[in-house]
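Student: Now for the letters of each chain:
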Amino acid sequence: MSPISRGFHGRRRTPAGEEGRVPPGQYVTTDFPVLSAGPTPHTPTEKWTFSITQGGGALKSWTWDEMRALPEEDVTTDIHCVTRWSKLDTHWQAVSIDTLLEQVEHQASFVLAFSDGGYTTNIPVQDVTGGQAWLAYGYDGGPLPAEHGGPARLLVPHLYFWKSAKWVRGLELLDHDKPGFWETYGYNMYGDPWKEQRYAGD
Amino acid sequence: MEGTAVRGRLTWQTATVAQIIPETPRTSTIVFDVPEWAGHRAGQHLDVRLTADDGYRAERSYSIASAPGEPVAITVERLEDGEVSPYLTEELRAGDEIELRGPIGGYFVWDPATDNGPLLLAAGGSGVVPLRSILRNRERSGSAVMARLLYSSRSLADVIYRQEFERPGSGLDVIYTLTRSQPEGWRGHAGRVDDALLAEVAWPTGQEPLAFVCGPTSFVEGVAQGLVGLGYPPGRVKTERFGATGGRQ
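So the sequence lines, in the order shown, correspond to chains A and B. Letter 29 of the first sequence, counting from 1, is numbered 29 in the numbering used here, and no numbers are missing. Quick note, the numbering used here runs 202 ahead of the 1-based positions in the second sequence.
Rather than coming from a laboratory, the hints here were simulated on the basis of the structure. Remember, it's a predicted structure, so these values are computed and weren't measured experimentally. Worth double-checking, as some hints may not be accurate.
Claimed, not checked - Here are the in silico distance ranges between beta carbons for each label pair:
#1 GLY433(B) with GLY57(A): 48 to 58 Å
#2 THR316(B) with ASP177(A): 19 to 29 Å
#3 GLU19(A) with TRP214(B): 17 to 27 Å
#4 VAL104(A) with ILE377(B): 33 to 43 Å
#5 PRO224(B) with HIS91(A): 21 to 31 Å
#6 LYS60(A) with GLY433(B): 29 to 39 Å
#7 ASP255(B) with LYS195(A): 20 to 30 Å
#8 HIS91(A) with GLY433(B): 33 to 43 Å
#9 GLU102(A) with GLU292(B): 49 to 59 Å
Claimed, not checked - Which stretches of chain A does chain B cover? Using the computed rule of at least three CB atoms under 8 Å from a CB of chain B, they are:
#10 1-10
#11 164-178
#12 189-202
Don't be surprised by glycine CBs; every beta carbon is placed ideally from N, CA and C.
Let the sequences and hints guide you as you build the complete structure.
Tutor: What follows is the structure in structure tokens.
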């Protein structure tokens, strides 16, 4: 039984009609807060590649122009940060991870996304396929700003947003789950916002 | 960006407010009596949960202000449009019960036993809170590591922990910059931290410094980028952000 916080009434209750869109413990913001563990990397698109790797070798690699030549999808989705803000109806331009993974043969069960700056995060393959995940390079019709992960970031909106790795440069295919950066520091291996899987053991 | 595993379930527990210490007109330090605290490292944070009488709950994260080994404390800045910070700074009283869990986070931490190199701590506003934990840890552990604090604040009245930082013999070098107003005769810096001030204050890279930067996004982006520009390896620049609606509210 939680003690009642005398005199606390709450000011940020979820707006009527949106209850089903905001996971427990989250509040809606119209800002787009920035969170990262170190300086923002700035990789020029001329030097940017995206690779799918396995066992230390690249199975497939795309340059920026090759990636941009793939079918573009317009994605409108809600995002949920483990620090408790949710942002509704965010609008992205992106390539589906399905489109990328279709170009390699694999039996992997997990991916470890890797980024400029050394950031990594782990996601089951079944959560980055089936139209659930994207490589996003556009936000609201413009280029994705560097502080929000540009030139390109992962977008896996059904999981807490730390899984949507900023400055992403590839996916390592794995036959087992392996903790990424925040997962090593006690954050949840899976990160389902609807189950409030914020930290290990949640 | 490698780390050691920090695992184990973090459970909510009921803490009692032991003391509330006003720091500035907008900030207060809340010291808790936590029955089962596993201990924390300097720079970590914790989650606070409030429950209204109809069951509505709100949770927020706050940086821990106290050093490892000291009673758990947070310093909270009142945000006018905030949901939790006005409650914590205005309603909460000593003796009240409140739920919390932690410690959380393992990257933005300083450990005197393993972290070498002079410390460059850069704070924007209430971003000074986890850096204060680092400084207290440094002092309590008898660390010989040199430390410099670059602290950007709106005005002198908004400087948190000023007496503590200016205590003689702390061995701490504090460089203030006041962004909105400066008292008459102010001899410190004025305005936002720029590359020139950073170049003046930052330890030379040859000394293998370790930087911790905490504040609002624009502050953190500017300082972190500036340090990288001075040759700091990105892995030696650890950042944490306080946004109006961002990480630690």
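Student: Do PRO224(B) and HIS91(A) keep their Cβ atoms within the hinted range of 21 to 31 Å?
Tutor: 44 Å, violated
Student: Counting residues of the segment 189-202 of chain A that have a beta-carbon nearer than 8 Å to any beta-carbon of chain B, does the count reach 3?
Tutor: holds (count 4)
Student: Using the beta carbons of HIS91(A) and GLY433(B), state whether their distance is inside 33 to 43 Å or not.
Tutor: Holds: the Cβ-Cβ distance is about 38 Å, inside 33 to 43 Å.
Student: Can the segment 1-10 of chain A be counted as covered by chain B under the rule of three residues or more with Cβ-Cβ separation shorter than 8 Å?
Tutor: holds (count 9)
Student: May I ask you to test the hint 17 to 27 Å on the CB atoms belonging to GLU19(A) and TRP214(B)?
Tutor: Since the Cβ atoms of GLU19(A) and TRP214(B) sit about 23 Å apart, the hinted range of 17 to 27 Å holds.
Student: Against chain B, does the segment 164-178 of chain A show at least 3 residues with beta-carbon separation below 8 Å?
Tutor: With 0 residues closer than 8 Å to chain B, the segment 164-178 of chain A misses the three-residue bar; violated.
Student: When you take the CB atoms of ASP255(B) and LYS195(A), is the distance between them in 20 to 30 Å?
Tutor: 26 Å, holds
Student: Taking 29 to 39 Å as the hint, is the beta-carbon distance of LYS60(A) and GLY433(B) inside that range?
Tutor: 36 Å, holds
Student: Assuming the hint says 33 to 43 Å, is it satisfied by the Cβ distance from VAL104(A) to ILE377(B) or not?
Tutor: About 52 Å separates the Cβ atoms of VAL104(A) and ILE377(B), which means 33 to 43 Å is violated.
Student: Between THR316(B) and ASP177(A), does the beta-carbon spacing fit 19 to 29 Å?
Tutor: 28 Å, holds
Student: Indicate whether the distance between the beta carbons of GLU102(A) and GLU292(B) respects the range 49 to 59 Å.
Tutor: 56 Å, holds
Student: Between GLY433(B) and GLY57(A), is the Cβ distance one that fits in 48 to 58 Å?
Tutor: For GLY433(B) and GLY57(A) the Cβ distance comes to about 33 Å; the hint is violated.
Of the hints listed earlier, those the structure fails to meet are numbers 1, 4, 5, 11, in rising order.
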